[in-house]
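Below, each chain spelled out in residue letters.
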Amino acid sequence: MYPLTQYISRDGTSRLLREYVKGGGYRSLQRLTAGMAPKDVQRLVGESGLRGRGGGGFPTGTKWSFVPMGPNAPKPKYIVANGDEMEPGTFKDRILMEGDPHGLVEGMIMAGYALDAEVGYIFLRGEYHLSAQRLNQAIAEAYAAGYLGKPLPGTTFRFDLHLHSSAGRYICGEETALINALEGKRAVPRAKPPFPQTVGLWGQPTVVQNIETLYNLPHIVNHGAAWYRSLSRTQDGGTKMFGVSGRVIRPGWWELPLGTTARELLEQHAGGMAEGVRFRGLLPGGISTAFMIEEHLDFPLDFSSFPQEVGRLGTGTMIIMDDRTCPVGFVLNLEKFFARESCGWCTPCREGLPWVAKLLMAFEEGRATSDDLSLLEMHTKWLAPGHTFCGLAPGAMAPLQSALKYFREDFERHITTGGCPWSTKSAQLRVLV
Amino acid sequence: MANIIVDNKSYAVDERQNLLAACLGHGLNVPYFCWHPAMGSVGACRQCAVKQFKDDKDQSGRLVMSCMTPAANGTRISIDDPEAKAFRASVIEWLMVNHPHDCPVCDEGGECHLQDMTVMTGHVYRRSRFPKRTHRNQALGPFIRHEMNRCIQCYRCVRFYRDYAGGRDLNVFGAHDALYFGREQDGTLENEFSGNLVEICPTGVFTDKTFFHHYTRKWDLQSAQSICPHCSLGCNTTASERSGTLRRMTNRFNSQVNGYFLCDRGRFGYEYVNSEYRIKHPLVRSGTDRTKPRMPEDVSRTLEFAADRLRKACGIVGIGSPRASLEANVALRGLVGPQQFYQGIDEQERQLLFTILNVFRTGPVPSASLHDAEQADAVLVLGPDLLNEAPRLALALLQSIRQQPMERVDELKIPQWDEAAVRNAVQNRRGPLFMAGHRQTWLHEYTTDHYFAAPDDVARLGFAVAGSIGPEAPTVPDLSSDVRDLAQRIADALMHAQRPLIIAGTGSGSQATLEAAANVAWALHQQGKHPRLNFVLPEANSAGLALLGGGSLNDAFDAIRQGKADTVIVLENDLYRRADQANVNAFLDKAQTVMVIDSLEHRTTAHADVILPAATGPESNGTFVNQEGRAQRFYQVFVQNGGVKESWRWLSDLARATSQDVERESRVATWRTFDDAVSATAMVAPELARMGEVAPSASFRLVGQKIPRQSERCSGRTSLVSHLTMHEPPPPADQDSPLAFTMEGYRGPLPSPLISQFWTPGWNSIQAVNTYQNEVGGPLRDEMPGVRLLEPVATKAPAWFTSIPHAFQPASRQWLLLPLSAVFGSDELSNRSPAIAERIAKPFLSLHPSDGARLSLENHSTIDLAWQGTTYSLAVHFEPSTPVGMGGLSLVPEVSGVRVPAWIDLFEAIKTERKRRAA
Amino acid sequence: MLSDIERRELEEAVQHYSEKRGAAIDALLTVQRHRRWISDESLLDIAQFLEMTAEDLDSIATFYNLVFRKPVGRHVAFVCDSISCWIMGCEQIREQLKKHYDIDVGQTTRDGRLTVLPIACLGHCERAPAMMIDQDVYGEVAPDKIDIIMNKYK
Ligand SMILES: Cc1cc2nc3c(=O)[nH]c(=O)nc-3n(C[C@H](O)[C@H](O)[C@H](O)COP(=O)(O)O)c2cc1C
Ligand code: SF4
Ligand code: FES
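Residue numbers (this note's numbering), protein chains in the order written: chain D, 1 to 433; chain R, 434 to 1352; chain H, 1353 to 1506.
Same shape as in the complex, but just chain D (with noise of 0.2 Å):
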């Protein structure tokens, strides 16, 4: 039984505040009452290894320590939690917080305690209307119980809880866009530095993180830090929501310790590819990572030991790619999907990824020249991190340069054969564009 799904039943259903606390529910806040300071609170999530699981898998201990502390702290202080979740592929947030709402509102009492923040966001995602339904009820039933809005016992800090849901856009997920778009502004990125911890919500310190880092804080402040390191297979601490979507033989969604391969998910947990359909490729983390082949599915999958030239674990919620799906199709719609989602900011971004996604149109239909190729991979080159404002051109960049690395063949059939050779529903793509 691992820590953050054990209450999830698989039926749909979530527990009220009151089988919630029944299963060991907001005891981590006994621990507060106990005596348990803010910065104890910090240390032990330093040195449980915990790392950020939206994707990026920053050291969230290392985080924290960037938010000033002490009696001359800006005050308020913001913890937001980033329920976006719009990374194509990915789901976990949203099993966990259909699945167990009380999780998010305990670990978002846990980290505004630690770092002496009194009011927390939820920041979700417009679409996940059954989360928004269960966290309001949970927000309330907290309240009503004097989790939120009320100094915790023996304590001086009282938390305030809100939830946002967004008006759609994935940017909104990349962590200063989405402080514009709490502040009610287009979800336009901020350059960084100064970085949110400093200058954050209204120009106050804010850590955002991600749901299901917050669903860790609890265990970890429950059960210590050499438990939770415990959990895991390599040096990252802990368990990792994973999923698999694609022709697999069972779809669906794990918590496995950090380090499981991706061999064991996709044959053992999903249960093998589906019947007629051979393994090609898998994006193991959303789409802003790159292709995984065949050679690399006994890498163990984590933050810190996935082998760089490869790429990152992104957000654990892999997509995988069947030999009767064209990877130029696959691509196309990866990055149709990236120039639409563009905020429109930084020109490589909001002019190229159209480029790309036109260009690679122009593979699918057979009206594709080697030049095009060049002008493909001219673009992998520009728009890499550093280079675009923020990191949603690179990330979309991050598949379409290894497909080309991988699938080159493909790409060059489209070339040759006038067109997709896999398709004849051409049809379909016109919509997008």
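Just so you know, not all the hints are guaranteed correct.
Mimicking SDA-like on lysine to any residue, the simulated pairs with C-alpha atoms at most 20 Å apart in a straight line are [what the hints assert, rightly or not]:
hint : chain 1 : residue 1 : chain 2 : residue 2
1    : D       : LYS185    : H       : ASP1392
2    : R       : LYS846    : D       : PRO68
3    : D       : LYS358    : R       : LYS565
4    : R       : LYS997    : R       : ALA1019
5    : R       : LYS846    : D       : PHE195
6    : H       : LYS1422   : H       : ARG1388
7    : R       : LYS518    : D       : PRO385
8    : D       : LYS75     : H       : GLN1367
9    : D       : LYS185    : H       : GLN1367
10   : D       : LYS192    : R       : ARG841
11   : H       : LYS1504   : H       : ASP1454
12   : D       : LYS150    : D       : HIS162
13   : D       : LYS358    : R       : ARG562
14   : D       : LYS75     : R       : ARG863
15   : R       : LYS642    : R       : ASP619
16   : D       : LYS185    : H       : ARG1373
17   : R       : LYS846    : D       : PRO74
18   : D       : LYS192    : R       : VAL497
19   : R       : LYS846    : R       : ASP447
20   : R       : LYS1229   : R       : ARG932
21   : R       : LYS846    : D       : ALA191
22   : R       : LYS997    : R       : ASN1016
Source of the hints: derived by calculation from the structure; they are not laboratory data.
Go by the hints and put chains R and H with the ligands onto chain D.
Chains R and H with the ligands in isolation, oriented as in the chain D frame:
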């Protein structure tokens, strides 16, 4: 100072800059779009990428945006790095994916920053072969044309319009590559500074609509340095002409005055020069019967005729003008003699100006330039309605409120150029800005606190502030506790500031507010602060005229009435704007001969026996003294056809023709060139002694050459008159300035008053200003920003002003009627420009709602107001900001000549009320 | 004019933010819940309530894709077009909708019953292909199931 290494060469730079500004300051060409020296960096366009290296061993380096990277000591970068160059070319390529290919016919062509940057990066071939997106354009009113297809999404327009200028009706809509910059719906852009979009937009999305109506390529324009004649601030402009038509007015950078921006009155008000009401030929009525028409005459006969009348005159009255140049006024003064020279303004205005001069002459506090105002960290405005009376100063105050929050920005170690970060850190925090007056405008959204009250109460607030600051300053008895608290809060804020600024003005006609402002400034000075004072004056040369001295218009009227004179010379002045009709009529009727020198027909010219057609500002040389006491030179752009001459020249010709040269110092009759006029002017008052230093004299040459007004690339000159003659006529000679009406002459660095067009090879747009500055955004190289004629000499405050007015008491039947200036409508000259005329609101009377009720009026109804001998049709506006017992009258052309402030019995004056409700 | 309920909900939303305009997105979504889409008039109502200009608010409204600035039908079907659903055949759903209701993505049926819109990954990838009608999510949508699902939305 820091050292940075660019392409292996070391440069000394200011480490408070970013790398882009640092490089541009050293003449290193780094292309950019979204950055602007006055608006900082946001890192959106990615055009300014350079390669940064960790140290001299680092061979690979990484691309950084130079605008977002501090110029820290030891920073090592390469602009020429092949990867950086290729990336920059790529940025242009991306921008061109959707940009039209119409440079040759685009009206921005030739001064397009995008064009310049494209050439700079070397991007040449279009590789994208997909269709371009297109947009619908909006109708944005008489000033601005909109052509969205040219947009490169640099976000500068919204950043200027909203963040810098406080506008709200322009924004960006949509997302990804479907962005639209415009209004919610078609309609006039409301903000008073919208015209700057023309220069802010790096391509041709927002262009000057008035220019479009008589379009000419930038390189075909003949240009010269102008000073805006439309208010007292003296913004520097470039006036441009072709074929005898003034084509446009653009901003001319002056670090101490207007910097990069103008207001819309200044930019679009120029077309009075092309007006159909221009007087182009001398007109003479030979008999004494004023019902007979005037006949056109040639110049020499007109002079003869006029001289004859002057010789025979039993006393001449010379009426000067605050919109005429100093030289023209001095010429008139010289012709008629100082005793017979009258300032051409009413007595009240003369008194106010006199008070202001005295405050500067005797007090220890200096006046504030616009630049000082931008830098002020606490501001108190006592009276004036800045948006309407001195718009560019309002824009400066919008920047000043950012000063104090910068402390927090510094604490957070955010560089001040990092605009987006600064805005995020500052959020809604604003430095202290207090405004007291009798009218609410949108500027009040930015105040710390405001106070709407009668001028006397505004003055009392000011006196109370002074009393709270300086123990010796007189205090105000019987103040309400609210006002006392407000005064205390203001005093605290001013005392807390490093560079407090106090602003008052002549607009409301209140002497007491001026005195109160002086007391506040003096009290601050006494407390060891470094305050500055700013007085908004009525017109472009009000300060210059005040320095010359002379009686008021009322005195002139007396002189004629009492028979001390029978001949009048009116210089560039419509007396009907300055005194009531009956008085002016009586004055003009009584005078035997009325001569008017002016450029446009108006009610006074209608009475003249002799009209001498005067050159307008852009057709003449002259000097204006702005409200801070800064003398600035403007130059002739082109020679007007017909009998048009500069006013000072007419006067000097008259002096010669009459052989009358009453005043010895100025010796008007001997003037031949503008330099003569300048030297003479320098003699007439001690404060004018430095007139000669304002700008180089006519004999100034560089490498033995004059400075051309035409661009190096002026095309088609030889064919301009080919339908008339095959010979290219010689250009007019210019003996008055170092400039020439040609394209031949010296090209190279110039003293700043002689720079008309900013241009450097590769920099054809207005962004070329950067190449004229040592530090980008700072002063021009060897800038001559005009000469401040009034610097404080006193170290101690003179005696405090002590006549504190009584609190304003509403009267039972009478209302105190006050003027409400209108940015479009109150200035005599700009009103005659069609684009401005389109923006002039209908005249209205504003009343407090309770007064409206007392008068049984309805909001938005129309009334007829019979007053001072005329009936005016006015809309009624209920405004809670209009103090009870007072009315505000909008000063638009229909009501010009109404004498306010004055008491009025509205029960009596409102004759009929047509209950027309506005839709 | 905002209705009383709308006004109450907006006032509640404003409580959550340190400044009024922070609630802009909540306000747009709230009013949209009542009126299905944000007309120019609705936009002005909300802007007025939040003390913003129409430009301020529309700049935000047009950024986000769940704010409808054009009329939509009584029901809105969002067909996920992201990668997992694409692999699993989301086009067939779309073709089916087109066949049965004669509407393409981005269109509304003539009787105003249904609008079909594209949507990015609905976060139900393990049950791809997915679609959402109003607030209800359906997974593993086979083309032949569409009629049964649609019967619930009149
Ligand atoms: C384009 C873009 C989209 C993102 N979307 C999400 C998201 O939906 N959810 C999320 O938790 N993090 C997302 N992130 C990462 C966040 O910026 C941020 O790093 C994360 O929320 C930090 O939380 P963590 O440290 O707990 O992972 C996104 C980043 C980028 C560049
Ligand atoms: S890379 Fe640029 S345009 Fe793209 S989402 Fe980020 S900031 Fe916006
Ligand atoms: S000028 Fe540096 S990114 Fe635009």
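These are the hints, each one checked on the structure:
no.	hint	verdict
1	LYS185(D) <-> ASP1392(H)	19 Å, holds
2	LYS846(R) <-> PRO68(D)	14 Å, holds
3	LYS358(D) <-> LYS565(R)	12 Å, holds
4	LYS997(R) <-> ALA1019(R)	15 Å, holds
5	LYS846(R) <-> PHE195(D)	12 Å, holds
6	LYS1422(H) <-> ARG1388(H)	10 Å, holds
7	LYS518(R) <-> PRO385(D)	18 Å, holds
8	LYS75(D) <-> GLN1367(H)	18 Å, holds
9	LYS185(D) <-> GLN1367(H)	17 Å, holds
10	LYS192(D) <-> ARG841(R)	17 Å, holds
11	LYS1504(H) <-> ASP1454(H)	18 Å, holds
12	LYS150(D) <-> HIS162(D)	15 Å, holds
13	LYS358(D) <-> ARG562(R)	9 Å, holds
14	LYS75(D) <-> ARG863(R)	18 Å, holds
15	LYS642(R) <-> ASP619(R)	15 Å, holds
16	LYS185(D) <-> ARG1373(H)	8 Å, holds
17	LYS846(R) <-> PRO74(D)	15 Å, holds
18	LYS192(D) <-> VAL497(R)	13 Å, holds
19	LYS846(R) <-> ASP447(R)	16 Å, holds
20	LYS1229(R) <-> ARG932(R)	18 Å, holds
21	LYS846(R) <-> ALA191(D)	14 Å, holds
22	LYS997(R) <-> ASN1016(R)	17 Å, holds
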